[in-house]
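Engineer: Below are the chains, spelled out letter by letter.
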Amino acid sequence: MKKNFRGLFFTPYVLWLAMFVIAPVALIFYYSFFDIHHNFTLSNYQEFFTSGTYLTMTANSVLYAFLITLFAILISYPMALVISKLKHRDLWILLVILPTWINLLLKAYAFIGLLSHDGLVNQLFQFFGLPIQHMLFTDSSFILVAAYIQIPFMILPIYNSLTDISGSYIRASRDLGATKWQTLTKVIIPMTMPGIKSGIQIVFIPSLSLFMLSRLIGGNKVITLGTAVEEHFLTTMNWGMGSTIGVVLIISMVIVMLLTNTKRKRRRA
Amino acid sequence: MKKFLAAFIAILAICAGLAYGSDQLTKSTGDTGNKVLNLYNWGDYIDPALLTKFQKETGYHVNVETFDSNEAMYTKIKQGGTSYDLTVPSEYMVEKMKADHMLIPLDKSKLTGMNNYGSSFMNKSFDRGNKYSIPYFWGTLGIIYNDRYVKPGALKHWNQLWSKKYRNDIMLIDSARDIMGFSLISMGHSVNTTNSAELIKAKDKLNRLSPNVKAVVADEIKMYMAEGEAPVAVDWSGEASEMMSQNSHLHYVVPTEGSNMWFDNLVIPKTAKHFKAIYAFLNFMNKPENAAQNAKYIGYATPNTSALKLLPKSIKDDKQFYPTQKVIDRLQVYSNLSPQKVQEYNDLYLEFKMHH
Numbered sequence: 001m002k003k004n005f006r007g008l009f010f011t012p013y014v015l016w017l018a019m020f021v022i023a024p025v026a027l028i029f030y031y032s033f034f035d036i037h038h039n040f041t042l043s044n045y046q047e048f049f050t051s052g053t054y055l056t057m058t059a060n061s062v063l064y065a066f067l068i069t070l071f072a073i074l075i076s077y078p079m080a081l082v083i084s085k086l087k088h089r090d091l092w093i094l095l096v097i098l099p100t101w102i103n104l105l106l107k108a109y110a111f112i113g114l115l116s117h118d119g120l121v122n123q124l125f126q127f128f129g130l131p132i133q134h135m136l137f138t139d140s141s142f143i144l145v146a147a148y149i150q151i152p153f154m155i156l157p158i159y160n161s162l163t164d165i166s167g168s169y170i171r172a173s174r175d176l177g178a179t180k181w182q183t184l185t186k187v188i189i190p191m192t193m194p195g196i197k198s199g200i201q202i203v204f205i206p207s208l209s210l211f212m213l214s215r216l217i218g219g220n221k222v223i224t225l226g227t228a229v230e231e232h233f234l235t236t237m238n239w240g241m242g243s244t245i246g247v248v249l250i251i252s253m254v255i256v257m258l259l260t261n262t263k264r265k266r267r268r269a
Numbered sequence: 001m002k003k004f005l006a007a008f009i010a011i012l013a014i015c016a017g018l019a020y021g022s023d024q025l026t027k028s029t030g031d032t033g034n035k036v037l038n039l040y041n042w043g044d045y046i047d048p049a050l051l052t053k054f055q056k057e058t059g060y061h062v063n064v065e066t067f068d069s070n071e072a073m074y075t076k077i078k079q080g081g082t083s084y085d086l087t088v089p090s091e092y093m094v095e096k097m098k099a100d101h102m103l104i105p106l107d108k109s110k111l112t113g114m115n116n117y118g119s120s121f122m123n124k125s126f127d128r129g130n131k132y133s134i135p136y137f138w139g140t141l142g143i144i145y146n147d148r149y150v151k152p153g154a155l156k157h158w159n160q161l162w163s164k165k166y167r168n169d170i171m172l173i174d175s176a177r178d179i180m181g182f183s184l185i186s187m188g189h190s191v192n193t194t195n196s197a198e199l200i201k202a203k204d205k206l207n208r209l210s211p212n213v214k215a216v217v218a219d220e221i222k223m224y225m226a227e228g229e230a231p232v233a234v235d236w237s238g239e240a241s242e243m244m245s246q247n248s249h250l251h252y253v254v255p256t257e258g259s260n261m262w263f264d265n266l267v268i269p270k271t272a273k274h275f276k277a278i279y280a281f282l283n284f285m286n287k288p289e290n291a292a293q294n295a296k297y298i299g300y301a302t303p304n305t306s307a308l309k310l311l312p313k314s315i316k317d318d319k320q321f322y323p324t325q326k327v328i329d330r331l332q333v334y335s336n337l338s339p340q341k342v343q344e345y346n347d348l349y350l351e352f353k354m355h356h
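Top to bottom, those sequences are chains A and B. Reminder that position 58 of the first sequence reads as 58 in full-length UniProt numbering, one-by-one numbering, no gaps. Reminder that position 334 of the second sequence reads as 334 in full-length UniProt numbering, one-by-one numbering, no gaps.
Among the clues, some could well be false.
[What the hints assert, rightly or not] Only pairs whose alpha carbons sit at most 35 angstroms apart, straight line, appear in this in silico DSBU-like list of lysine-lysine:
no., chain 1, residue 1, chain 2, residue 2
1, B, Lys165, A, Lys107
2, B, Lys309, B, Lys110
3, B, Lys35, B, Lys78
4, B, Lys131, B, Lys3
5, B, Lys98, B, Lys110
6, B, Lys35, B, Lys296
7, B, Lys53, B, Lys273
8, B, Lys76, A, Lys107
9, B, Lys296, A, Lys107
10, B, Lys309, B, Lys78
11, B, Lys98, B, Lys273
12, B, Lys3, A, Lys87
Keep in mind the hints are simulated off the structure, nothing from the lab.
So here's chain A without its partners, still in its complex pose (with noise of 0.2 angstroms):
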């Protein structure tokens, strides 16, 4: 009797996770092995994997993420630590969520307006006296504004990480007669470890396909996996092309998590 009381609490979670989770991933796997006349086939995985395009494309894409997790990690470390030492430290993170309530159109826009040939920037560098530099339309505009797209979404698990540490572990570390620099590498660093893995499975897999940015800030100079997607599905009507890059999109996204995850498990253990 207890037992199905249990079960009848559970059955609006199952039922959320096979509607809204398992269903629409199923759906994507079921239109990848079909192509545009309906026919199952694996031809769709067959000329991902040999199409110079879709290949060099990957590679574009892992290596941008790759870059706007890394800047996104440079800034962020410093700042949540930063952060944590502050007297109204709730504050100041609720500072850095706040750009989070704003739509990712509006502040890609609102980067338009300082990057462009008579933007802020520009203006300002006038005022200086230096020449107009063209700022749009390239690699480290889109880069810089998806790193800062993506920081508070890694400043967070960060920041919650490195609150968790106990102030005993760094008063002891320098009783022990570390430095501030062996403290900050060898406890604070290690000790939040799991807090930056979060943050990397958080920024780098949307990284992979912000097709929006890479057409507004990189005038579709940067072509990411995004961009094809949007393309299949929205010009040629190939879903099922479109579907085989979702499901090497979900493969990376689940590697990415398990060289994430692992290092945790044996470090508990």
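Once you've looked at the hints, dock chain B against the given chain A.
Structural biologist: Structure of chain B alone, referenced to chain A:
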């Protein structure tokens, strides 16, 4: 637990209140009445004043829903669950919807004012005899330039875009058919070619254009050009007229060797229900004074030649948007390609975009 329950009930109550409110609001806009017409149109593609006028004259309320690409419109209608009475596909999409049995033929006996349309815009390859479609607006693909950077009249041909003068200067509209199309035209081929060798040559030629390409963008191109971000762009005439209304330094040219001519057309999809309202609306839009008012508001070229006569001289004599018959004769209309060929165009286009 009590607090949690209270919060839960409060949220439910708020949701119910909002649902009731939105229901009341939709009712008050007349969504549920019988005297309605459901128009599925491109965003901002009809003068709202005309809709009010139509309701005053006939009593039919027009519900407008919008789409932003032919493909999105096609998918939504095909999947069902909608009740659109009229929609506005471009020419190749009329052909595709016709082939997929998604259109209802026009009942010519119920239509008036069809003789207002110019012969250059009727009986086109995508719908012989206008069995299914009435042209709504038409336009071209061309080159927009900013006279602060490019001498007026200097740009006249597609091939000039490849000149070293325009290094990192050109913005392209993100559309596979159009970009591949002007490359094909520049080599004297048809924009509807299915010859793979010609397509590959067109892509190779585009690859050589890439040092000159600043960006490949969508709707944002209007904003960028109006702000002077790039001196030259390749885009559609309708978009050009919008840019030019914001920046007087911009000009539009249709290259003399030819270009694409596109049509947006009113058609009745299979989902239509309110046939009286449909024909009332089509006849209303056929009237020269209404078509003229719409053309003035939208800024695209009207195929309704009687309406054109009513437009001010500054519009009807504008050779940029109403080119001479000689230019019109050289324009090519897109025909619907097989899914494989669409894929081939898009794959080659994607390769061009990846080429640095």
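Engineer: All hints, please: hold or fail.
Structural biologist: Hint-by-hint comparison with the structure:
Straight-line distance between C-alpha atoms of Lys165 (chain B) and Lys107 (chain A) comes to about 34 angstroms, which keeps the hinted pair within the 35 angstroms bound. Among the hinted pairs, Lys309 (chain B) with Lys110 (chain B) is consistent with the structure: their alpha-carbon atoms are about 25 angstroms apart, no more than 35 angstroms. Restraint check for Lys35 (chain B) and Lys78 (chain B): the C-alpha separation of about 25 angstroms stays at or below 35 angstroms, so the hint holds. In summary, the hint linking Lys131 (chain B) to Lys3 (chain B) is not supported, as the alpha carbons are separated by about 66 angstroms, beyond the 35 angstroms threshold.
A distance of roughly 21 angstroms separates the Cα atoms of Lys98 (chain B) and Lys110 (chain B); the hinted pair therefore holds under the 35 angstroms criterion. Under the criterion of a C-alpha separation no larger than 35 angstroms, the hint pairing Lys35 (chain B) with Lys296 (chain B) is consistent with the structure, at around 28 angstroms. Restraint check: the Cα-Cα separation between Lys53 (chain B) and Lys273 (chain B) comes to about 22 angstroms, which is no more than 35 angstroms; the hinted pair holds. Between Lys76 (chain B) and Lys107 (chain A) the alpha-carbon distance is near 29 angstroms, which keeps this suggested pair within the 35 angstroms criterion.
This hinted pair checks out: Lys296 (chain B) and Lys107 (chain A) have alpha carbons roughly 34 angstroms apart, not beyond 35 angstroms. Taken as a hint, the Lys309 (chain B) and Lys78 (chain B) pair is broken in the structure, with Cα atoms around 39 angstroms apart against an allowance of 35 angstroms. Of the pairs offered as hints, the one joining Lys98 (chain B) and Lys273 (chain B) holds, with about 18 angstroms between alpha carbons and a cut-off of 35 angstroms not exceeded. With a CA separation close to 31 angstroms, the supplied pair Lys3 (chain B) and Lys87 (chain A) stays within the 35 angstroms bound.
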